[in-house]
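J.: As you go down the protein sequences, you meet chains A, B and C in turn.
Numbered by the working numbering, the letters in the first sequence go through residues 476 to 1077 in order.
Numbered by the working numbering, the letters in the second sequence go through residues 3 to 108 in order.
Numbered by the working numbering, the letters in the third sequence go through residues 11 to 177 in order.
Treat each hint with caution, since some may be false.
Interface residues of chain A toward chain C, partial, derived using beta-carbon atoms under 7 Å [what the hints assert, rightly or not]: (1) F1063; (2) G1064; (3) A1065; (4) V1068; (5) L1071.
Okay, derived cross-link-like pairs now, DSS-like style, lysine-lysine, Cα gap no bigger than 25 Å in a straight line [unchecked claim]: (6) C:K96 <-> B:K95; (7) B:K107 <-> C:K96; (8) A:K950 <-> A:K838; (9) A:K1039 <-> B:K107.
Keep in mind the hints are simulated off the structure, nothing from the lab.
Since the model is a prediction, treat every value here as computed from it, not as a measurement.
Think of the CB as a built atom: it goes at the ideal place given N, C-alpha and C, for glycine as much as any other residue.
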Amino acid sequence: MSTLAAPWIILFSPLVAAAVILFVGRFSKPLSAGLAIASAALGCVLSWWMFFQPDPTEPNQFPWIEIGDALRIPIGVTIDHLSKVMLVVVTTIATLVFTYSVGYMKTEEGYWRYFAGLSLFLFSMLGIVLADNFLMMFIFWELVGLSSYILIGHYFKKDAAADASKQAFIVNRVGDFGFLLGILFLWAATGTLMFGELTTSGIAVFSANPVYLTVACVLVFCGTVGKSAQMPLHVWLPNSMEGPTPVSSLLHAATMVAAGVYMLARIFPILEAAPHALDVIAWIGGITCFAAALMATQQDDIKRILAYSTISQLGYMVLGIASAATPDVPMFHLFTHACFKCLLFLCAGSVIVGMHHEQNIWKMGALKNKMPFTFLAMVVGGLALSGCPLFSGYYSKDLIIGWAVVKYPLLGWLSVATAGLTAFYTVRMLAVVFLGKPRDDHAKHAVESPLVMLVPLACLALPSFAAGWPFIEDKFFHIEEAPGVPHILHPILLVLFAVGVMSAFFLYRNADKDPISIPFFANRLYIDDLYNWIVKNIQGGGASVLSWADRWVVDLLIVQVPSKIAWAGGFVLRFLQIGNIQAYAFFFGAGVVGLLYLLIFR
Amino acid sequence: MPTLAHYLFVSGGLFAIGLLGVLLRRNILIIFMGLELMLNAANLSLVAFSRFHPGHDGLPGYSAQVFVFFIITVAAAEVAVGLAIIVALFRAKQTTHVEDLDTLKF
Amino acid sequence: MQLALFWVFAILTLLFGAGVVVFRSPVSSAMSLVMSFVGLAALFVTLDAFFIAVVQVLVYAGAVMVLFLFIIMLLDLRTEGRRPVKLAAWAGGGMVLVGFLSALTKVVFSLPEAAQTKPDLPLPGVNDVAQVGFALFRNFNLPFQIIGVLLLVATIGVVVLSRRELK
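For reference, chain A alone in the conformation it holds in the complex (with noise of 0.2 Å):
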C-alpha cells in the first residue's frame, strides 16, 4: 500500500458501495448495511494510516480537462497536514454513524436507499476533502448537496421532509451561484483553478489589484454560506431535520456543513491577502453565531435547538477563519465541534428512538432514570459544546473567542456573549428533556435504546471530552494562542458559563411549560416569514408577468403570427397548381428566356 493509491481507495469505495447497494441492497438488510459500513470502515482504516505518514511529495493527479495553455484541470488528491486531518474526522465519524444508523433504522421505511444515500454522501465529502483544485471540489460540492437532498428527503412522503429537502438544495444554490462566480474570477486573473498555485503563485497577481481579489474571495465565501448554513442563508439547516437523525448528525452537524469551513481553510493564504473580504467573513460569522444562538434558547424542537446551536458554532468557525493567523484555530473548533455535536444528534436520535420518535421536548421528562447511558452520553455532549472547562468545546472556542476578540473586539465580546446563551440553551435542553417528571405517556415507557446506538456514543463521549486536551491537540494542530489576550476574558467566560449553566438549571429543572416566552426569538426573528413574503409576492409577481410575456408575446407574437404569414402564404401559392402539365412547361421555358436574357444583357 503506498501513499498514492490509498486516498483513491478511500475516496472510490463508497462510491463502489453506494453503486452495489442499489443494485443489491433491496434483498438483503445486513448486506446494505454492512457494505457501507464496511465501505467507511475501510476508509477509516487507511486514512488513520494515511495521518501518520509523511506527506508525499510529488502530485498523485491524472489530467482531466485540457484545453490549451488556458485552462487544465487533472482530477487529483490533495495529501497535506489540513486534509489528513479532515479525512479522518470524517471516516471516523462516518463509521460511527453508519452503524449507530443500523439501530436507527431497523424499522424504518427505504433501507437500502438510505445506506446508498449515506455512502454516496460519504464519497462526495471525501471528494471535497481530497480535491486540488476548485473545479473538482465544486463537482463534489455539488454532488454533497445532491446527497443531503437524497437523505433529507428520505421520508419524502411526508411533505414538510419532502419541502425541506427542496429548500435546502435551492438555498444551496443561491450560495452556488456566487461560489462559481468566484472560482471563475480566480481562475479569469490567475489562469488555473489548482489550490497549490492559486495559494502561492496565484496571491501574486493581485497585489495590484486588491479590490477584485476582495470581490473574488467573498464570492467564493458565498459557498460557505450557503453550505455552512451561514446568515443570511441559514433557513435550510433547521428545516433538514426532516431527514433522519443520524443525516442530521453526519451531514448537518459534523461533516457536511463544516465543508465550507475547511474550504476557506484550503484557500486560506489567499484570504490573508484580502483583508477586507475578511472582514466581510468576520461580520458574517460573528452575526451568525449569536444570531442563531438567540434562535436556539426559544426552540421546542430537540433536533432544532440542536441545528442552531449547529449554526451558531459554524459561526464560531468562520470567525475563527477571519481572526486567526492559522486556519488551524477553526479547523480545531471543526474537530472537536465535529466530535460532541455528531454525540449531541446521536444522543438526540437516541431520546426520539425511545419517545417513539416524539421531538417536542415539552412532551419528554425525567428520561434520566429510563435512559441513563444516553443521559450520561448528552451531558458529557452538552458540557464540550457548553465549554465547560476540560472538555473538548473548552478549549477549541475559547480560542477562538481569544482570537476574535483581539482582531474584532465587538463581535469577539459578541462571541462571548454568545458563549453564555450556549450554556443556557444547553442545560434548558437537557434539563427539559432528562429531568423534571414525565409529561407524556411516552416518556414514562421510554426504554433505553440497543447496544449498536450505544457503542457508538461511548466512541463518541470520549473524545468529546478528552479531544482538547493539549497533548491530544498537538496530535493534529499547530495552535498557537492569540497574541494579547485581555486576562480578563477566561474568568468572564467562566463566569458565564457558569451564569448560563446555573439559571437554565433553576429555571427549567421542574418547568412544566417554558417560564420564557420569547415570540421573536421562536420565531427565528422572523427571517423565515420574510423569505416566504418576498417569494410569494416578488418572485410570484416576477413569474406572472413572465408568464404573461409567454403567453402573449412568445406564443402569440413569435410563434402564431409568423405561423399564420406562412400559411396564408401557402395558400395564396398554391394557386399556381393548376395542374396543367403544359402551363408547369410554360412556367420553365419562360423561366429559361428570362434567365437567358439576364446572362445576354446583363
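Following the hints, position chains B and C against chain A.
T.: Showing chains B and C alone in chain A's frame:
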C-alpha cells in the same frame, strides 16, 4: 460554304419547333416527340462546334462527338422508360391527353 | 455545292420537324419525325461526323421510331379531333418562342467566329470512327461504363413499369 451561324440557326430553329410542340400539343406522345427534337437540336450544335473548332492537330473536337453519342444513348433510355410510363398511364387513365391528367391540381 | 446541300437538308429537317407539331395523326407525326432525323443525319455528314450520322439513323430513325410506332399501334391512337384552340397557350408558347429566337439571334451575331467557314481537315480521309472510338475508350471510359449501367437500369425499369398488375 455554310458558316457556323447557318448551323446554329438550324439548330435553334429545330429546338424552337420542339419547344412549340411541347408547349402546344396535347397528345403526350407528340410532346415526347417534341422533346426528342429538342435533344437533337442540341446534338447539331455540338457537332457544328466540334467541326468549326478543330484542335491543335487540326482534327475536329471528338469530345463533342462523344457527348453526342452519350446524349443519343441517354435519349434512347429515356424513350424506353418514357414510353413505358405512357403505356402504364394509358392503362390507368385510358387517355394520352395532358388536359385529362390534372390530378395534381389544387 | 456544299451550301446547296446544306440548304436542302436544313430545309428538309426543319419542314419535317414542323410537320411533327402540325400533323393531327400521330402516325404522320412519327413518320415526319423520322424524315427530320434523316435530314439531321445528312447535316451531320456535311459536318464530316460520319459515325454520329450513322448512329443517328440507326438509333433514332431505326430503334426509337419503331418504339414510337409500336406504342401508337398498341394504344390504338387515332387522329385527334379538333379541339378549341387555346389562345392563352398559343400566346404563351409564342412569347417563349420569340424570346428564345431573339436571344439566339443576338448570341449568334455577337459570336466573333459565327461567320467562319469550315476549316480544312489535315488529311483528306480521316478515320472518323476510329477517332471517336479513341476518344470514347481513352478519355471517356468511366462515363461509358456508367452509361452502360444506365441502360441496364432503364431496361429493368421498363420491365417493372410494364407489368400488368402495376396500379
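J.: If a hint holds in the structure, say so; if it doesn't, say that too.
T.: Against the structure, the hints come out as follows:
Here the hint on A:F1063 is broken, as its CB sits about 9 Å from the closest CB of chain C, past 7 Å. Hint on A:G1064 holds. Least Cβ distance to chain C is approximately 4 Å, under the 7 Å limit. Taking 7 Å as the C-beta contact cut-off toward chain C, the hint placing A:A1065 at the interface holds, the least distance being around 6 Å. The interface hint given for A:V1068 holds, since its Cβ lies 4 Å from the closest Cβ of chain C, which is under the 7 Å cut-off.
Evaluation of the A:L1071 hint against chain C yields a held restraint, the C-beta minimum of about 5 Å falling below 7 Å. Restraint check for C:K96 and B:K95: the C-alpha separation of about 23 Å stays at or below 25 Å, so the hint holds. A C-alpha spacing of about 19 Å is found between B:K107 and C:K96, which places the hinted pair at or below 25 Å, so the restraint holds. The straight-line distance between the Cα atoms of A:K950 and A:K838 is roughly 43 Å, outside the 25 Å bound, and the hint therefore fails.
The straight-line distance between the Cα atoms of A:K1039 and B:K107 is roughly 23 Å, inside the 25 Å bound, and the hint therefore holds.
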